Structures are given as structure tokens and as C-alpha cells.
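Undergrad: This is what each chain is made of:
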Amino acid sequence: MPVISYIDAVTQAIREEMEKDDKVFILGEDVGVKGGVFKATTGLYEQFGAERVIDAPLAESAIAGVGIGAAMYGLKPIAEMQFADFIMPAVNQIVSEAAKVRYRSNNDWTCPIVIRAPYGGGIHGALYHSQSVEAMFANTPGLKIVMPSTPYDVKGLLKAAIQDPDPVLFFEHKRAYRLIKGFVPDEDYVLPIGKADIKREGEDITVITYGLCVHFALQAAEKLAEDGISAHVLDLRTVYPLDKEAIMEAASKTGKVLLITEDNKEGSVISEVAAIIAENCLFDLDAPIMRLAGEDVPAMPYAPTMEKFFLITPEKVETEMRKLAEF
Amino acid sequence: MPIEKITMPKLGESVTEGTISNWLVAVGDVVNKYDPLAEVMTDKVNAEIPSSFSGKIKELIAEEGQTLDVGEVICTIEVEGDKSQEEQSQEEKTVKKEADVSIQADTSQKTRYSPAVLRLSQEAGIDLALLKGTGAGGRITRKDVQKAISDGVPQVKEEEKAPVNVAVTPPKETVVHSSIQTKAGDKELPITGVRKAIASNMVKSKHEIPHAWTMVEVDVTKLVQYRNKVKDSFKKEEGYNLTFFAFFVKAVARALKEFPEINSTWAGDKIIQKKDINISIAVATEGALFVPVIKNADEKSIKGIAREITELANKARTGKLTIDEMQDGTFTVNNTGSFGSIQSMGIINHPQAAILQVESIVKRPVIKENMIAISDMVNLCMSLDHRVLDGLVCGRFLQRIKEILETTSEETTPIY
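Same order as they appear, the protein sequences are chains A and B.
For reference, each letter of the first sequence is one residue, going 1 to 327 in the working numbering.
For reference, each letter of the second sequence is one residue, going 1 to 416 in the working numbering.
Chain A is faced by these chain B residues, among others (derived, beta-carbon under 10 Å):
1. Ser114
2. Ala116
3. Val117
4. Arg119
5. Leu120
6. Ala136
7. Gly137
8. Arg139
9. Thr141
From the derived model, a few chain A residues whose C-beta atoms are all more than 12 Å from chain B:
10. Asp186
11. Tyr302
12. Thr319
What follows is a list of derived Cβ distance ranges for each label pair:
13. B/Arg112 / A/Thr313: 26 to 34 Å
14. A/Asn139 / B/Gly137: 37 to 45 Å
15. B/Thr107 / A/Glu187: 53 to 61 Å
16. A/Val3 / B/Thr107: 45 to 53 Å
17. B/Lys132 / A/Thr313: 29 to 37 Å
Simulated from the structure, these hints should not be mistaken for lab results.
Remember, predicted model here, so these are calculated numbers, not experimental data.
Don't be surprised by glycine CBs; every beta carbon is placed ideally from N, CA and C.
Next comes chain B alone, as it looks inside the complex (with noise of 0.2 Å):
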């Protein structure tokens, strides 16, 4: 009988290794088609892995705790029919293999120039970049040259231009500080995918983008008497609670509108900005962080804001999120205000260009009209890309915010 293979799946965009974490069927077991196989760990996500094929377990390859580069195989399956799919599928593909191998664009000779091709290039000046390669595996030959002399470069479209600065290099995994030792009594912690992804998302955030950071102070008394004032009848009605960070979140999705740039990305040779606004939130667990989305903020009320964020972080905590609910965020609010933090310099959550740090919200004695009042003050933080983003434009942002939530109250501002 076929043996099957079932490869490490690839559970996400970035995702490029998973641990098995524990396996749920042995050597012997008959699985069906998409019985779970394997709880399986990434950097983003604990996943089942679902079984491709009807049949008998044959062999469990890799073993639980091990990480395994996404498509190599974890374990084989006996199942009934003469031929596996992948002598089948090789098959096929030797018929079809003569058309592809043709298709195929290869591109590795694209910056390989011949001396023709430069002494050529430069005394007419032309930026071999921008030219399409005709020879074999897309190098660029002399006759192309001499046709971009002739007829001009042709105009390439931006998206078609190879990213310059994009390919920084990934910062690969902290490399083992032999200098640093293990005393007596200390204990030693293994790395986890999730704080692998966080060690390695934040050093890549830091390396990459030059960070710079504001804060502005914001008045918050209507908003806490606002939400003070209907919090237990919200509570009831809808089982769950309305936090203060949904009306931050829902005042940062409104400002996100008017200001576009600040909901874009750094792209290499270009900043794009994004249409939808998807907020990340970050939720903290024991030992780790996710960051959830909320997609389209902007169109959701602050009750469809503040049930998402607590199924979001409900879902963070039993390690629920599935994959499309931590992609695609746009702009981050963090809540540090939760740890009673006052001030915070938050790592940007790469690639967005800008994440926003809600502070505690603490009574202070401030000024007002000559008097000393007593307010609900709340500092809000944020770090910018400064390639993307300037001073200026940030403080419009802020001061916009800072608008908003001053004169939320009960006339202003529905719940629903």
C-alpha cells in the first residue's frame, strides 16, 4: 500500500518553522482525511495540523518539542490505493515539465552585466535597473542596451522596481552569547516560538526603523464620567465590559481617517498608504504578547470595538487566535495604562509606521481658568517611523486625538 507523507504546514505569510508541541494520534491509528494529527507551535500561532489523507499512521517522524522547517515531513501514512499522490503527481509532472521550464521567468543573470553592457550603460547613462534583461536568465544584454539608447529607457511601473532598501537583512536569531553563563541557582528558560517571534520581531523592528517619540497629555474627566455613568447598565446588557480603551481605540480609528500618512507603511523606495484601518491591539499573556486585529475600526461602534477587543483577548489567553485574526494590522494602540504605566516608549510593531502607547489614567491637579481643578489626565505615547513620518504631521495626529476624546461625553458621542 501508498505511503503518504504530511508535511509541516505553512501556517502564515512569514512563518517559516513550527514545533510539534504534542502529537494526538500514534503509530497504528487510523485517522480520516482532516482528523488532527499534531498540535503544532509557531512563531505566530498553535495550530492542529489536519490530516491530508484517509488511512494508518505509519510513522511519526518528528518528535514532540522538535521544530521543523515548513514542508519537511513530521510523519507518513499507509493508505489504501495503488499509486500516492506524489508519484502521481511527479507523473503529471513530467509531461508538463517541458512548458514550464520555459515559463519559469529566471531572473538570476538580471545583475550580472557584461563589460559591453556597462561601458555601454554609462556613456550613455542609463540606469541599468530600470532595463528588462532579454539574455539568459534575465541578464541584460548588449543589444538591450543599444535598444534603450535608441528608444529610450522604458518606464518601469513602481511596483515592477526591485524594493532597495526592503531587503535589510532579516535579523537572524540572537546568535549564542557563549560569554554568558549559567550560574549556580539560575535557571534556565527555553525559548519559545512565541518569544522567539517577539525577540526577533522586535529587534527588527528596532534595527530597521529610525524610532521617534512624542507624548501629548490629554484631559479625559467627560470621558471617565461618561463611560463611569453607563458602564453597569452596559455590562448588563451586553455581558461584557466597556473599556476606556475602546473609546481611545475607536478616537484613534476616527484620526486615522483624517490623517492617511500616518496609516501607511515604509516599502523600500516607496511608503504606501493603507486604505483599511486595522488596529492592532497588543494582549499580554503569561510570558507572551500578541496582537490582535481589529479590522476596519473605523466603520465599528464603540460597543462592536470593545466585544471585539474582549473576544480578541479572551481568544489571546486560551491560544484560540487563528492566523487571520493577527494579520494586516495597520496602526497599533497598546494599553500600558492596564500595567499602570504613565510614560512608555513602544517598539513599533513592524512594518506600520507608528504605534500608539494609552497611558494610566491618573487624577492630577491641573489649571484651569486661573483655578486648580482636579482632572482625569492620561499621557498618550507615540513612536513613529521617521522615515515615513514627520513631527509635524504627528502632532496634527495627536492634537486631533487629543480633540476627540476631550469632548467625548454622552451628547457627543454614542456607544452603539
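Excised from the complex, chain A in its bound form (with noise of 0.2 Å):
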């Protein structure tokens, strides 16, 4: 079982998908010959040819359109937006013809398109390349939005994607793209979307939050495990729609929950997660639901010291985790 990493994972089951099923095609930006501005569509366009590996112009309202269209009439697009910054031109698309023309149809009509995008900070791009864009989505009806953490989950749940018959919104956090590195077994295999992961089993507190903030959980779960302090970590994996077993199972399970995402704090995923904690657990809580997000600030700040300030990072994990505990 080869370890690979989390970019890899993406090309391996594109590559994969587009090996095993012909309809399977990309488009955006610089995804052919360039093989993309992070290098995870590279080598797909000498495997498979200009005609399944799109350069499309700077138009991502277009490139989601005809991917919706291509979709619509039985193709599988996956469509990549350069940055995730950059697909408030194609929310129409997105929003008002992908993720209701099943329910408009009366099931007539699918729309098998993936949406690929990377997102989030960390990697000093400021306020066009750094944002977390999944809450403008996540309350619409019709669209699943999957944001991995790890290789394996990574092609796991992209295949599942494209293999799913309708629109899915794939956010790959770009930090994470060299940084995370896994095991990812070479057997063909997909993981359910809708389904949150327990990535570590743990008694005093629960984290639950998705994307590179799992990591920062998992490595500051082992720091609080030398002071005797077990932590239980949710991974979300797909956060809309939320899978409300799971956080209700692993909130109950320590009464202790602490929240995080790197999105603005205000109406973030998160809010919604807590929310079903608040429904249905209230009598298995220990301690006030915490959430640790960004500030809400307009954008990622461009000056270091201001983007660590604004930033989610280990350290700041760590001390809410504590402060958690000793509740």
C-alpha cells in the first residue's frame, strides 16, 4: 500500500474513472496541457487527448454551463475551478440549474457533473486564492458538497463523485495538496459521501470539524494524550448534507464539543452542526458547544502576521482543545 499524496490521490482517481468509463471528461482552466495551475490533472491530457481533457477560457460561469449541459445529457464532467475564489460566477449555474433539475424534472433529468475546486489558506494567497466558499452553498437542497482530508478519503470519495448521478461539489483544501501524505490501498474502491469518519477514537472531548483542520486536531490529540487527555475526533468528510448520526453519536459520546472550521465563524458549517447537537443532544452535554473558526473578517489577510491571526493553526486547536478539557 503506497503512500501518496492528497494531489496524488485526486489524479489517481481521475485518472482511474476516466480509465474505466468513457463519458468521464475534464474541463477549466489550464487542467490540459499545463495539467493544471497544482499539477492534479497532469498526464491526463497525453493519456487521454484534448477532446476528454478541456482547456476551457477564463469563464468558470461557462465552464460549469457546459459541463451542467454535458451532464444533463449523459455525460460525467468533472469541471475544475481554478480556485474555489473563483466560482461566484458560475453560483447561478450551480445553484439554480445543477442542483434543482432532478426535483424541476420530476426525475426526467440528472445531472451527473463534479465540481472540483481547491480552497482555503494557509499558503499566503490573500484574498483571491484563500477562501472557504462551502457555507454559500451548504443550504441548498439538490448539491453535496465533500471536502476530504486525507488521500484515502480523497479518492475514495472523488470516485464516488463521479460515479454519484448527481452534482457534487468537491473542495480540495490546496495546503493540503503536499503537505498530507497517506496510505491509499491500489484496489479500485469507493467511500460513501454523506458519511462523517471517526479518525480517532477518544473519552473527555469530541472534535469534530473537516479538511486540514482534522490534522491540526490529530496532532494536538496527541499532545493532549501526554497529559492523560483523550480526545475523540469526527471528521465531517462531506459537509452538506451533514451526517447527523454521526455528530450526534460523537458529540453524546463525551458531552464535550469543540468545533472547527477555517471559514468565517458566522453562518459556517460548523453553525449548523451545532445546531443539530443543540436539537438532539442537550441532555448529553457536559459543557457549551465551542466553535473555533476564523474571525469574521472580509477576507484572508495578505500580511503575514495578520493571515496567522486570522488563520486556524495547530496551536490555536490545541488551546481551545485544552481549555475544553479542563471544563
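Take the two lone chains and join them into the complex the hints point to.
TA: This is how it looks when you write it as C-alpha cells:
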């Protein structure tokens, strides 16, 4: 079982699905000859040719719109937004068309598209290259939003997304691309969309998060374990729709819950997680639900000191986890 | 030159404020360490405040007649040297601070229960008051309850349990009754420290203690004969009076030794039986009432008790009683007979369990062996805390005192 990086898992998943199914194709800015700005589609143009790996113009609404049209006619497009920040021109296509076509057509039409986009901060990308956009889509029934944290989850979930008969937003943490490595089995496998995953079993506190913050929580959990504090870490993996059962189970297990996102705090995905816990787990709670999230400022700052202030860091995660344990 | 602060000292356990009755120094005076600075009057005692430093009086902050809380600055002194004690200790404190923080046991969250803790404890029938919290501020966490469910509730030592009823709100100073108005010719008297203390102690006692009352009459003919016979020679020899009261105190002390349940105090969730028999005696002065204590009265002779009564009474009248002489009483004997009273209902000296009033000795015709005789009779009236004591034990206790007193004579009871 080889160790590969997060971004290699993306490439592998796409390649394997394209090899299996001729209907799968890629479109996006610089995805072809260049192999993507992050090299997520590297080698695919050479392997599958210009007809299945399409370099699109700088028009995100067109990338999404063309993909949606092709999907409705039976193809399985993987549309890439170069940065999640650039998805805004495509919101109308995604929210009003892709998400609703099955409902609107009473199951006559479906839209099996995957829209991939790198998101998140920590690479000194400032406001146009660091945003977390999941919350904007996370109250649109008809959409699924997948945000994996490990190479294993990336590969299994991206394959599941490509095979899914409905639209899936697949957000990849760009700082995790080459930072996070992990074992990925050689054999073909898929992971279920909509299921959270326990990344660490624990008894004292529960951390619920997703994406790169999962790793921060796991690192902090190791440190806390040295002091006899045992942390339970639940990785949401799919942030919409949420895995309510897993959230309730994890929250009830310890009664002390810390929710983490690097998105702005108010109205974020973890706000909904908090609501699910509050609705269902009141009599199991032993502490107020804690949230660690980005400040409610308009954008990721560029100045390194300010970026550090805004970003969720392993230190911040550890501090909050200790606070919760002591409560 | 650094300035040091002199604060209102704590002149006793329950003392929270003091009144400066007069200053013994003026601004500019040079004082030595331990020199008296001012006379202060508290609820319990009048005392002098000694200087903690040598130096020059810089400022008198409190005015004469002003009442200040314990710890408030009353004056400042300019001292030699380059740093005040406060500055120095603050520097030391900052070094120590971090260590201290973790040591101090904060229990502010002890009774803040989370939904999980409440649910688990109710389901398992666990009394949360018995658990020790390991959370922030002593909070009982869900894990603490789970541990108690699996390991059993720890048996908390009696002393560690929080008293349940003791925390009756101490009666605050009587609310100003705006409806009570002074009319022309009426005189307004300010409430002094001692008067205030009496008022608050009486309210507290009556408010908290369910008083019950009982009385016995005692034939002290023999005792009167005995005392009258020896009193002049005693006075000549010892230089002070052999009062009846000394005999009564001695008799009470003896009976208390045999009835330790009377010598006790109500402590909310338990009754504490006191080992020492310390008899408080009430001493009235003009406008005030002091209750000095004869310590270990059961170990003292009648002479010893007579002498202590004389000394304590003199000190009370001249305002020289110390805090120590007024503390730790376990039972009060009140000589109400000295005012000519023949029956009275005493208010218990909180937190004791009972008070005994010794009334006037009066000659009365009584029936003895079917004949009318003249006897010296005295009434002993006892108020008791009915939470601690019941009629039966008090009846036996009084009967015992009666027996001791009625058999007191030259043959049975030595003075020395």
C-alpha cells in the first residue's frame, strides 16, 4: 500500500475513473497542456487527449454551464474551478440549474457533474486565493459538498463523486495538496458520500471538523494524550448534507464538543453542526458547544502576521481543546 | 521616602469593622513601631491600633467617630528606606503568582451542573453534593458522575460537607424605619459599636434559634448560711467578695461535665459537643453588655471562679477586656438576680445551645415535712436551643444543678 500525497490521490482517482468510463471528461482552466495550476490533472491530457481533457476559457460560468449541459445529456464531466474563490460567476449555474434539475423535472433529468475546486488558506494567497466557500452552497438541497482530509478519503470520495448521479462540489484543501501524505490502497474502492469518519477514538472531548483542521486536531490530540486527555476526532468529510447520526453520536460520547472550521465563524458549516447537537443532545452535554473558526473579517489578510491571526493553527486548536478538557 | 499604609486591623473573628474613637497622634508626629496610633472601638472590644512602622505620620485618613471596614486605610506613615513593604511584597508576589494560581482551589462552579451531569445523577440516584468536581472552578463533570456510578460515591468526611442550614443570612443592620420619627423633645441616641453588636447578636439568636424555656426553683438555705458564714473572712483574706454567683457557676460547670449534650452547638448538619467547659458570664455596664468567659470553669475552685468573676467584671467596666477573654464560651450563666429579677427568659448567646438565668434569692414560706418553714429560694430559668436539646435532658440537667446547690454546705463543698 503506497504512501501518496493528497494531490496525487486526486489525479489517481480521476485517471482511474476516466480509464473505466469513456463518459468521464475534464474541463477547466489550464487543466490540459499545463496539467492544472496545482498539477492535479498532470499527465491526463497526454493519456486521454484534448477531447477528454479540455482547456476552457477564463469563464467559470461557462465551465459550469457546459459541464451541466453535458451531464444532463449523459456525460460525466469533472469541471475544475482553478480556485474556489473563482466559483462565484458559476453560482447561478450550480445553484439554480445543477442542484434543481432532478427536482424540477420530476426525475426525468439528472446532472451527474463533479465540480472540483481548491480552497482554503495558509499558502499566503490573500483574498482571491484563500477562501472557503462551502457555507455559500451548504443550504442548497440538491447539492452535495465533499471536503476530504486525507489522500485515502480524497481518492475514495472523488471516485464516489464521479460515479454519483447528481451534482457534487468537491473542495480540495490546497495547502493539504502536498503537505498531507498517506496510505492509499492499490485496489479500486469508493467511500460513501454523506458519511462522517471517526479519525480518532477518545473519551474526554469531541472535536468535529473537516479538511486540513482534522490534521491539526489529530496533532493536538497526540499532545493532549501525553497529559492523559483523550480526544475523539470526527471528520465530517461531507459537509452537506451532514451526517447527523455520526455528529450526535460523537457529541454524546463525551458531552464536550469543539467544532472547528477555517471559514468565517458566523453562518459557517459548523454552525449547523452546533444546531444539530443542540437540538438532539441537550441532556448529554457537559459543556457549552465551543466553536473555533476564522474571524468574521471580509477576507484572508495578506500580511503574514494578519494571516496568522486569521488562520486556524495547530496551536489555536490545541489551546481550545485544552480549555474544553478543563471545563 | 516611601509611604506605608496603616489599615483597620481585624480585632476578632467576626469583627468586620471598627470605629476610630480618637486619634492618639497628629500629622507630623514621629512614631516608633508598636506605638499606639488610635483608639478603636469594635463590636466586641475597645483597643488601640499599634503602628506597624517607625516613621512620620503623613496623613490621617479616617476621622474620629468614623466607622471603617477591616482592611481600609486609616492613615499613612512616611518611613525610611527606598521601597515600601507593599512594593516589595508585590514584586515577590509577581514571582510567586503563577505557582499560586494553580494551588488555590476555586470552587465557584461546584454547583453549576451541566444537563449531562444532572441527567446522569438523577438516573443513577447520585447526590451531587457528595461528589468532588474535577472541572474548571470545581465543576462536577460528566466524567466525575460516570466515575461515581462505576466506583461508588466517595464517603465524604463529616467536616468536609458543606453545612446546609448554617448559612442563614446573618441579620444585617436593622433597616432604617422611616416610619419612626423623632418628635419635638425626643432625644436621638447614636448606635454605638457595642449597642449595634448586641442588637445584631440578639436578632441573630432569636431569628435562628428556636428557643424553649423552662424553670426550676431551688432551696438554697444551706448555701446562704454557708456563704454568709465565710464571706467576711474570705474578703479579709483574699481581698475580693465571695459572691453567690461563684457557687452557681461552679454548680453549672459540674453539671455540664455530667451532661455534655448541653455543652454543645448547632452547626447546621451536625451538633458539635464541646470538650472545654467555658462559661460565659454576662456583665452589664452603663449602656452596654459584655460577655467575658471563664475558661475551663469545671477545673476551677469556687475561689478561683470568684476571683475571675471579679477580674472580668472590673475589666468590663473599665473597657479593658481583650478579645481573647470574650471568646470560646460554651454556655452562659446570667446573674439576672442582681437586678432583683425573679423570673426571666434569656436569649441564647449564639452559637451556644442554652443559657441559664440565676434569679434573686428570696425568703419564702415553704412546706417542709408538713410544716411551714422559711427558706431561701431561687429560681433558675433556662432557655434552650430546641434543635439541639429537648425537655428531658434539660430537666435532668436542672435537677442535677438543683441537687448540687441544695446540698452545698461547709461539709460538702470546699471554697478552695
